[in-house]
Amino acid sequence: MLLTSELAGEQSLSQDEAFEILCCEPPHKIRSRLRAVLTDVEHAKAALQRTEQLHVSGRVQWTVPDPLERSPGNGDWLQHRIRLGSLQKVPRDFYAGIWSLLQHCRGLVIGDKLERRNRLNSRLVLEKTPGERNFATLVDHLLSRIEAPEYRQLCCECLLSLMAFVETNTDVRFDDDLALDVVIGHAVRVGWQHTHPSMELNEYPKHKAHAWGQFYLASPGDCRRWQVIALRELAEQNRLV
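Just so you know, we're using the numbering used here here: the sequence shown kicks off at 1209 and counts up by one.
You may find that some hints are simply not true.
What the hints assert, rightly or not - Pairs of lysine to aspartate or glutamate residues, derived as EDC-like cross-links and limited to a Cα-Cα distance of at most 20 Å, are as follows:
1) K1416 - E1441
2) K1237 - D1248
3) K1297 - E1340
4) K1297 - E1355
5) K1336 - D1348
What the hints assert, rightly or not - Restraint ranges, calculated between C-beta atoms of paired labels, are given here:
6) L1246 - G1281: 49 to 57 Å
7) E1335 - K1416: 35 to 43 Å
8) S1406 - L1332: 43 to 51 Å
Everything labelled a hint here was simulated from the structure, so no lab data went into it. We put the CB at the ideal spot given by N, CA and C, even for glycine.
With the hints as extra help, turn the sequences into a complete structure.
Right, here's the structure in full:
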């Protein structure tokens, strides 16, 4: 990730484009890049952070409606997510909502953000209509490539959160690709920090596994609130630079 981010910054590329170029470089060049990165890891981490920042235009309201949810019978949200993710069952109007979301961003990345085939380019996709079966099939295919059913369901929930956000903010535009991995990853950190307010930020990496476990067990409403806060942080980091 650090190597890819450095290359993306050097050549003004997206991370998936930089990753493909990196894969085409001979081993000795990658070794040389690795040595350079290891001499200043903090600089490389800063480059990675910059690639995840969001550029938002328009007036933003950072409060969105909570999802309609019914607590699972056994009270276990993780098992509920595993079940829904295995069935890959999505709400009504899910695909139309994604099509509308694409009007507010440059693209969506569903799954591994370094894989170019996981990107939905807004300009190309919006040539279709929201009701086209081909569009729904494409979205289903990207979701099905995510191996863990519980994470697949988290991605569906994240898409629903992003849909709710742009429904609330109809004139907002992200001049970036919205990568679900990035939004969810930051939301996991936000959730852990909110439930452990005394923790120092630099201590978070030691608790990352527990933070993910907590996130999987949290309700969709809590996860949505943390995702919106993560969006705000990613956008406001850019404004502070």
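Results for each hint:
no. : hint                      : verdict
1   : K1416 - E1441             : holds, 19 Å
2   : K1237 - D1248             : holds, 17 Å
3   : K1297 - E1340             : holds, 18 Å
4   : K1297 - E1355             : holds, 15 Å
5   : K1336 - D1348             : holds, 16 Å
6   : L1246 - G1281: 49 to 57 Å : holds, 51 Å
7   : E1335 - K1416: 35 to 43 Å : holds, 40 Å
8   : S1406 - L1332: 43 to 51 Å : holds, 47 Å
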